[in-house]
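*Asks:* Sequence:
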Amino acid sequence: MSFWGGVSAVLAFRTIPTTVLLVLIYAAVFSTVLITDTLPSIPKNTQGLDFTQAYADLHQVAARPHPFNSHANDIVRSHILSRVEAIASEHPHVTVYDDLVSNASWASGLLSAKPYAAYFEGNNVLVKIDGSDRDFADKGGFLLSAHYDSVSTAPGATDDGMGVVTLLQMVQYFAERRPQRTVIFNINNAEEDGLLGAHAFMEHPWSNITDIFLNLEGAAAGGRPMMFRATSGVPLRSWSGSYVPHPHANVISADAFARGVIRSGTDYSVYEQGGMNGLDFAFYRGRSRYHTKYDSIPGMGGGEKALWAMMEGTRAASVVLANDDRTHDGTAMASKPVYFDLFGAALISFSLESLFVANVVLLTVGPIVLLLLVYSESIIRATKKLRQRRHQPHANANGHSAHQSFWSKTWTLIKEVVNGFWNWAKFWVALILGVGFQVLLVLGYVNLNPFIVHSHPYLVLISSLSLSYLTTVLAMTFPLTKHNTVPAPEQQKLSILLQTYVFTWLLLVFSTAILRESDIGGTYFVTAWNFLVLVGCVLACLEGMTGARGFEYEADEERAGSAPNHRFVRGIRYEVVEPGDGINDRDQGEVEDAEPTEITPLVRRPSSTKREGEEQGAIGWWLLQLLFVVPIPTILFFHVAVFLLNAMNQTLTDGNSPAGVYGTISVVALLIILPIAPFSINAHRSLTLLILIIFAVSTIYTWVEFPFSQEAPLKIYFGQNVDLNASGSRVDRVITSLTGPKQYLAGDIVTQLPSALGKDVHCTSSPDKSGLQTCSWEVSDPWVPSPGGASTSKPWVTASVVRTNATAAQFKVQGRNTRNCLIQFENQRVTTFHVHGDGDKGEQEGYAVPAGGLEQIRLWSREWSKKFVVDVEWELDPDSIASDVKGRISCGWAEYESATVGGGRTGGKIPSLEEVLAFLPEWAVVSKAATALFDAGVSFNV
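Under my numbering, the residues of the sequence shown are numbered 1 to 942, in order.
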């Protein structure tokens with residue numbers, strides 16, 4: 001064998017080379033994406049940031065739960081204020097403003113299914129660092145934002161302690177390295193209660209200085225933070241790999257927010273509504289620990305590395321946003337951006353309009369180019385075939401007649417038609433089978449073990465990937481009949497490539513339509529896939545033009561990698577003519593056991609022969625096609641898979657649909673495998689058997705394993721409502737409620753609580769968390785904590801309602817030792833409201849009362865035990881004879897741990913919550929169901 005023959009035997013389009021190369025590509029892609037998806041180590045050179053000080057600050061901020069409506073919140077605020085004032089005292093260009101004057105009123109339904117209005121008296125900590133360029137003293141500034149409050153059930157190390165301590169370091173950084181532009185810091189309060197601090201900031205004059213922002217947030221508990229929203233491509237320039245060492249971003253998360261898939265909000269929304277460009281940089285992994293006791297320094301995923309990841313990205317982007325004029329260009333890249341990172345090393349970014357133009361070009365030019373090439377290739381093949389027939393003898397080796405019978409020709413024609421149809425149809429059969437079996441797999445998870453993705457997301461992905469591989473490969477390699485005449489591998493590959501192109505073209509039509517209609521840029525991978533498959537098809541057509549051989553070969557799995565163009569009869573070589581030329585094609589490529597003659601060798605030669613050079617298959621063409629069609633789409637798809645898996649796997653306890661989560665995983669898994677379809681005809685049986693075993697083991701395990709653990713706990717939601725008598729000083733009834741998945745809530749959790757034993761536990765669908773169940777029961781012992789340790793004879797809630805005219809009333813509400821009260825309307829919606837003390841400013845621009853009116857008015861004060869005075873109006877229903885307005889006035893308490901304030905102790909334990917904490921299974925954890933852990937109120941009728 002010559003050298004070229006040896007190389008060809010190793011790299012030709014045959015079973016072993018194809019299988020090995022596909023395994024190496026997927027192993028390289030999977031391992032590289034997963035390795036680069038981890039948190040980087042903390043370097044010795046922290047680039048001007050004091051990591052030790054930041055970690056020490058985090059211990060102060062996240063020492064205990066500190067919601068806005070708690071005295072612990074004041075302790076955290078005092079620490080932050082003292083830190084920034086110390087920095088300002090050493091730098092004259094740094095100004096600290098203790099904002100105790102900014103009040104805001106607005107109407108919004110952003111975070112609630114019920115339309116509501118809010119009144120908030122802010123107490124943000126603001127810092128201004130004057131830029132070196134005085135042209136930007138009053139405009140063109142840069143805003144850095146994070147909130148220092150936590151929820152009542154979490155210390156808030158991730159949400160948003162790490163963001164706050166990062167801002168403290170950035171204050172120090174810019175104080176020592178004065179930026180070109182003015183930088184404003186909004187270390188705000190009450191974000192968890194409805195983005196209240198951001199609304200208050202928009203009432204402050206400093207909000208007029210800034211035109212671009214970077215918001216730091218925690219939507220989970222540690223892990224790798226992500227830049228997941230951008231208003232435009234302008235601020236996104238700061239996030240490129242040349243600035244941020246380890247960029248992590250994807251436009252799919254922004255699309256999910258825009259379409260309401262993610263039912264949450266951050267301060268980003270308020271700043272965007274206020275006309276600013278900006279970015280949302282947040283933690284998104286580990287939702288099972290989010291808003292629970294595990295959102296703590298010991299519990300935050302990644303530990304110190306997670307904190308450094310936020311500090312590193314914030315510093316790098318902030319330096320650009322505070323100094324580079326290009327990031328403040330309001331005219332450039334006005335279109336919404338499309339962006340994604342590759343291996344945490346590079347950020348790919350372009351405008352949505354550019355993506356649309358690329359899609360239109362591919363949709364129109366691609367098919368035209370491909371049709372011309374396919375037509376040209378078919379003409380060349382037909383010409384070569386005709387030339388071969390003219391030069392081939394018309395008798396076989398034994399001198400038999402070259403003419404077949406009519407029935408033999410007919411059968412041969414039928415076989416060619418059937419196999420030709422199968423060759424074009426099997427990609428679509430594989431696709432249909434893949435989708436169908438994935439649906440069955442999803443149904444299996446939903447009905448047998450819907451929460452297993454919570455703790456074993458990658459096993460679920462492995463199960464789905466292996467099933468996708470099996471359906472694709474088995475359909476592609478399935479023969480209609482044994483020893484049937486089928487197209488050569490190169491011709492099959494071209495056919496499947498063309499079908500893949502048609503499929504990606506159809507996907508491109510769909511993605512272009514939703515891009516234009518809904519500004520969805522998360523289908524960028526469809527554009528890339530379509531283009532790369534187009535290139536693969538072009539190369540396959542060129543292969544057919546330059547090195548086309550026979551169209552058919554004998555279907556023998558041991559020789560599926562080459563098309564014979566000769567046969568051997570006792571070692572004598574004869575050229576094989578094409579089917580239909582009169583030679584019985586059943587002998588094509590086989591060794592005939594003919595009668596020996598005087599020229600027959602004494603020793604019989606083996607039937608298997610080695611073919612060299614061209615007969616082994618052109619080396620370069622198929623390799624080039626595979627390298628275009630498989631690696632890049634797989635990289636894009638797997639990046640998306642890892643991101644979605646980490647973002648979605650623990651959202652079922654938030655009420656997300658299991659079918660939606662598993663369906664998304666199945667779709668991505670199918671996309672990851674489909675690029676191998678044109679080359680899967682050469683997949684080795686041993687690999688298919690191994691994948692089958694992996695599928696069986698992973699699926700069976702994930703269908704029977706218990707889904708929760710201490711590392712990935714089930715999150716349930718606690719709430720308590722107290723009905724008071726008319727005076728607001730005596731408890732009439734206490735209702736405790738827990739919300740969670742119905743599969744575990746009533747049977748495994750509620751039955752373990754002493755207060756629920758023997759009680760009438762009422763379980764219904766949760767009114768606030770779709771997909772979950774709420775179980776409520778009355779507590780026999782009406783004892784409740786006494787806010788502030790005051791005497792229980794003093795009213796908890798003092799309320800009065802006076803009808804001022806037929807369609808108006810005035811409410812006066814005061815709660816004991818609280819900052820938050822609520823007016824709930826049951827039979828009437830109010831159309832206007834006014835809170836005394838807001839300066840008659842009315843609602844913020846863009847937040848007017850909706851046409852349908854309001855069901856709630858939420859009141860927040862920076863003072864404790866403040867009396868709220870609220871005027872409301874409503875429209876009288878002409879068809880209704882009732883004119884009374886009914887509802888409930890209540891105040892909430894969110895503090896259940898004692899804190900030291902002014903030398904005294906305040907706060908107290910909530911017995912029902914303590915009971916839940918004591919009897920909760922080890923695999924479950926509690927979070928708050930509403931803003932207040934404990935809500936007490938009185939009914940009104942006016």
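Since the hints were made in silico from the structure, they are not lab data.
Be aware that a few hints might be false.
Unchecked claim - Between beta-carbon pairs, the in silico distance windows are:
hint : residue 1 : residue 2 : range
1    : Leu448    : Ile379    : 31 to 37 Å
2    : Arg178    : Pro767    : 49 to 55 Å
3    : Lys114    : Pro921    : 55 to 61 Å
4    : Glu353    : Val704    : 48 to 54 Å
Just so it is clear, the structure is predicted and the values come from calculations on it, not from any experiment.
Glycine included, C-beta positions come from ideal geometry on N, C-alpha and C.
*Asks:* So which hints don't hold here, by number, going up?
*Replies:* 1 and 3
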